[in-house]
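Same order as they appear, the protein sequences are chains A and B.
In case it helps, the numbering used here puts the first sequence at residues 467 to 979.
In case it helps, the numbering used here puts the second sequence at residues 13 to 319.
Just so you know, these hints were derived from the structure itself, not from any lab.
Even for Gly, the Cβ is constructed at its ideal location relative to N, Cα and C.
Where hints are given, some of them may not hold.
[Unchecked claim] Derived coverage of chain A by chain B (criterion: at least 3 residues anywhere in the stretch with Cβ under 8 angstroms from a Cβ of chain B; other residues may be distant):
#, stretch
1, 505 to 519
2, 650 to 657
3, 692 to 699
Residue strings, one per chain:
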Amino acid sequence: MSTFSYLLKKMPRLRLLAASAATAATLLAPAAANAQEVDRVVLSAGADMLTFNPLDVYVYVPDRMLISHITDTLLRWEAPGKLIPWLATDWKYIDDLTLELKLRQGVKFDNGEPFNAETVKFFYDSNNDPNIKAFSRTNHTWVSHVDIVDEYTVRLVSKAPFPAGPAQLAIAYMVPPGYIKEVGWDGYARKPIGTGAFKLVEHVRDDHITLEAKTDWWGGPPQIKELVYRPIKEEAARASAVVAGEVDVGFDMPPEFIPMLQGSGQVDVKQVLSARTYIMQMNTVKPEYRLNNAKLREAITYALDTEALNKAVLAGTGSPAAFLSQSMVGLKPDLKPIKQDVERSKQALVDAGYPDGIDLVLDTSEGRYVKDRELAEAIAGQLSAVNIRTVAKPMEWGLLQKKRNAKDMDDLNLMAWGDVNSDPETMNSRVLASDGPQSLTVDPELDALMKKIGTTVDPEVRNKMIAEQQDLMRAKNQVAFLLHIGIITGVSKKMEWWNPIANETYYFYNVKK
Amino acid sequence: MLVYIARRVLQSFVVVAAVVLIVFLMIFLSGDPAVLMLPPDASQADIDALRVTMGFDQPLYVQFLRYVGDLLQGDLGDSWRLQAPALSLVLERIPATLQLGLSAMLIALAVAFPVGIISAVKSNSWFDSGAMVFALLGQSMPSFWTGIMLILIFAVGLGWLPTSGRTGATSVILPAVALGLTLAGRNARLIRSSMLEVLGEDYIRTARAKGVRERLVVGKHALKNALLPVVTVLGLELGHLLGGAVIVETVFAWPGIGLLAVQAVNNRDFPVVQAVIIISALMFVITNFLIDIFYTWLDPRISLVKP
Chain A
467 MSTFSYLLKK MPRLRLLAAS AATAATLLAP AAANAQEVDR VVLSAGADML TFNPLDVYVY
527 VPDRMLISHI TDTLLRWEAP GKLIPWLATD WKYIDDLTLE LKLRQGVKFD NGEPFNAETV
587 KFFYDSNNDP NIKAFSRTNH TWVSHVDIVD EYTVRLVSKA PFPAGPAQLA IAYMVPPGYI
647 KEVGWDGYAR KPIGTGAFKL VEHVRDDHIT LEAKTDWWGG PPQIKELVYR PIKEEAARAS
707 AVVAGEVDVG FDMPPEFIPM LQGSGQVDVK QVLSARTYIM QMNTVKPEYR LNNAKLREAI
767 TYALDTEALN KAVLAGTGSP AAFLSQSMVG LKPDLKPIKQ DVERSKQALV DAGYPDGIDL
827 VLDTSEGRYV KDRELAEAIA GQLSAVNIRT VAKPMEWGLL QKKRNAKDMD DLNLMAWGDV
887 NSDPETMNSR VLASDGPQSL TVDPELDALM KKIGTTVDPE VRNKMIAEQQ DLMRAKNQVA
947 FLLHIGIITG VSKKMEWWNP IANETYYFYN VKK
Chain B
13 MLVYIARRVL QSFVVVAAVV LIVFLMIFLS GDPAVLMLPP DASQADIDAL RVTMGFDQPL
73 YVQFLRYVGD LLQGDLGDSW RLQAPALSLV LERIPATLQL GLSAMLIALA VAFPVGIISA
133 VKSNSWFDSG AMVFALLGQS MPSFWTGIML ILIFAVGLGW LPTSGRTGAT SVILPAVALG
193 LTLAGRNARL IRSSMLEVLG EDYIRTARAK GVRERLVVGK HALKNALLPV VTVLGLELGH
253 LLGGAVIVET VFAWPGIGLL AVQAVNNRDF PVVQAVIIIS ALMFVITNFL IDIFYTWLDP
313 RISLVKP
């Protein structure tokens with residue numbers, strides 16, 4: 467039993483003693499002052515909001531989560547892989563390059579500006595304007611320009627077919643053109659307004675953000691009257707705040723805090739597999755690199771016991787991965803995670819020409835992803851056990867990026883990639899393509915297939931190609947898909963109706979009680 | 013005295029100038045700032061465009077000269093993430109840092125002085141032994157552990173105080189105690205050893221022989237002379253506190269300069285990192301300058317001594 471659990475088990479008696487003393491000690495705040503009102507929900511994660519500017523935003527929690535309460539997107543995820551109408555009520559491809567949207571009528575921004583076709587055009591024009599700072603520009607550059615058909619119909623035109631376009635509409639947060647022309651994008655980032663269910667009341671940096679519900683919201687009055695976000699970086703302090711009732715939903719709880727949260731009796735631990743998957747890249751950037759040897763890659767892949775890694779490193783909160791994510795379009799239903807096969811691994815190592823084994827280096831970030839260093843060390847141990855003598859080399863994220871940009875990566879690299887769109891497009895173009903910014907793979911056959919996947923709009927044809935990609939990658943092991951990472955949230959019992967969702971698009975309104 | 017002050021001012025200026033140079037150079041050792049500022053899926057074109065927008069394509073000395081020029085006009089640059097001037101972000105954290113730092117110092121002194129003095133006067137007694145064990149414990153326990161234990165006991169278990177955040181008058185108690193306990197332990201031991209040394213001096217023996225009351229011997233004659241090394245350490249500690257107690261602020265989500273620094277480093281928000289370090293260095297230098305002046309009151313001989 468951990469120290470934390472032990473103390474909490476002893477607390478009830480101490481609490482009784484203290485309650486008697488506390489009636490006389492009225493100077494100290496009694497426990498009742500920390501109780502949450504029914505209509506007020508307090509959320510907490512590890513970082514403060516970076517920006518309310520939708521062109522700059524790329525962090526899901528808290529940035530995108532809170533922005534999506536202040537303003538609305540064109541489409542919305544009801545569940546991973548399931549898009550529903552939102553500010554756009556209908557969408558269809560009228561040709562391979564043109565996506566036509568019908569827009570919701572009668573929606574206004576907080577300053578009275580109407581939401582219409584001009585709003586959509588303004589968003590994409592701003593994103594494509596090189597003079598406007600937009601760190602998440604690449605999410606929307608697939609739209610080369612917007613044609614206005616009428617006040618509530620637009621056509622998003624791209625230079626090349628982009629089948630993942632509708633998914634990107636789920637992060638296209640609409641902003642009021644008139645207001646932005648008045649205050650500028652920086653002004654908007656400080657005082658955002660929108661069409662959303664809530665409005666920003668105040669943002670005290672590194673302390674709290676308060677949102678208030680709008681009773682006249684187009685979707686109906688939100689269930690929750692006030693939403694508060696508190697950044698609490700230290701995980702133990704965040705878990706304590708949930709147990710103490712100061713926070714109703716604590717995000718990103720490490721596995722070791724599950725006993726503490728459950729042991730309190732006040733908190734439910736809700737887990738779901740996230741859209742983020744650990745992948746081990748194998749460096750084939752140059753022809754002379756050893757990992758160009760397919761048998762060596764096979765030896766590495768089959769040496770790994772992902773069940774054991776999940777149990778030992780992620781405390782069973784993850785799941786062995788067959789491919790990118792469980793909700794990915796085109797995922798073959800019969801594709802299972804690779805099971806460890808030590809004999810096959812050893813034979814493949816001999817066939818690769820390394821009967822005496824081989825020495826490899828595994829790069830990894832430290833603290834960038836949950837348990838990244840520990841996972842890399844465990845992988846190095848499993849590989850070393852089959853004579854693939856591997857040394858894990860954890861390093862700070864900035865240094866790792868520097869190394870990557872200098873094309874100086876070692877044999878293996880542990881990384882995690884998110885698939886919030888339930889689509890392999892970003893993984894293909896960024897992590898697997900030979901010219902991808904995060905890629906360590908050079909495979910012309912895979913490149914050609916992924917290029918076709920990226921430019922085919924017909925979903926049936928495309929899904930067949932995605933299935934082919936899975937077969938090709940299972941045969942050649944360009945990367946090793948390891949573990950889907952679990953999301954662990956500590957949720958107050960008063961929030962029993964709320965559940966985390968794999969793609970981390972969390973909403974606190976329109977929930978049925 | 014004026015020469016002494018002028019000398020200290022010049023030394024302080026040199027220290028701050030060195031900090032500015034080191035901070036500027038260190039930032040560029042952690043990787044290409046343009047790459048680190050952009051999401052992982054950014055294209056090379058985006059990286060190149062940002063490099064030009066931010067001036068990273070200029071030679072290092074050009075960037076440094078521009079930086080110093082802006083600094084002299086009070087412009088520490090704009091945060092790359094938070095749409096605000098870096099200086100204003102730091103300045104808005106100073107009240108929280110001051111509140112925590114001064115509260116912690118108050119707790120530390122309120123504990124350290126009586127414990128240290130009584131331990132010295134009653135050296136080798138039960139009180140002395142117990143106090144020194146307490147002092148060693150206070151000094152040995154890492155502040156992040158102390159902080160978490162205080163949260164579990166007083167906030168989660170007893171429900172007396174908030175777990176974290178700057179939410180009201182009582183919210184400073186736990187972080188200040190976590191920070192103050194370490195300081196109290198260290199200073200209690202220092203005060204004790206300094207007092208013991210002074211209490212063994214001839215002039216103390218003379219004062220006692222003349223019949224001066226023990227309270228005056230200890231409180232007036234011994235304490236003032238024992239304060240010199242203590243004030244030195246207190247000055248350094250106060251300077252560190254005013255620069256932001258990074259660990260305690262992180263544990264307690266206290267919105268001070270330390271937490272701002274951690275967030276800025278994580279976000280590769282270089283202007284804010286630079287602003288935090290420069291302002292912290294300035295506060296450290298100013299605090300120790302004031303301590304240097306205070307020395308001359310404690311021991312007037314100091315201002316007359318040539319370096």
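Which numbered conditions among the earlier hints are violated in the structure presented, ordered from lowest to highest?
Hint check: nothing fails, all pass.
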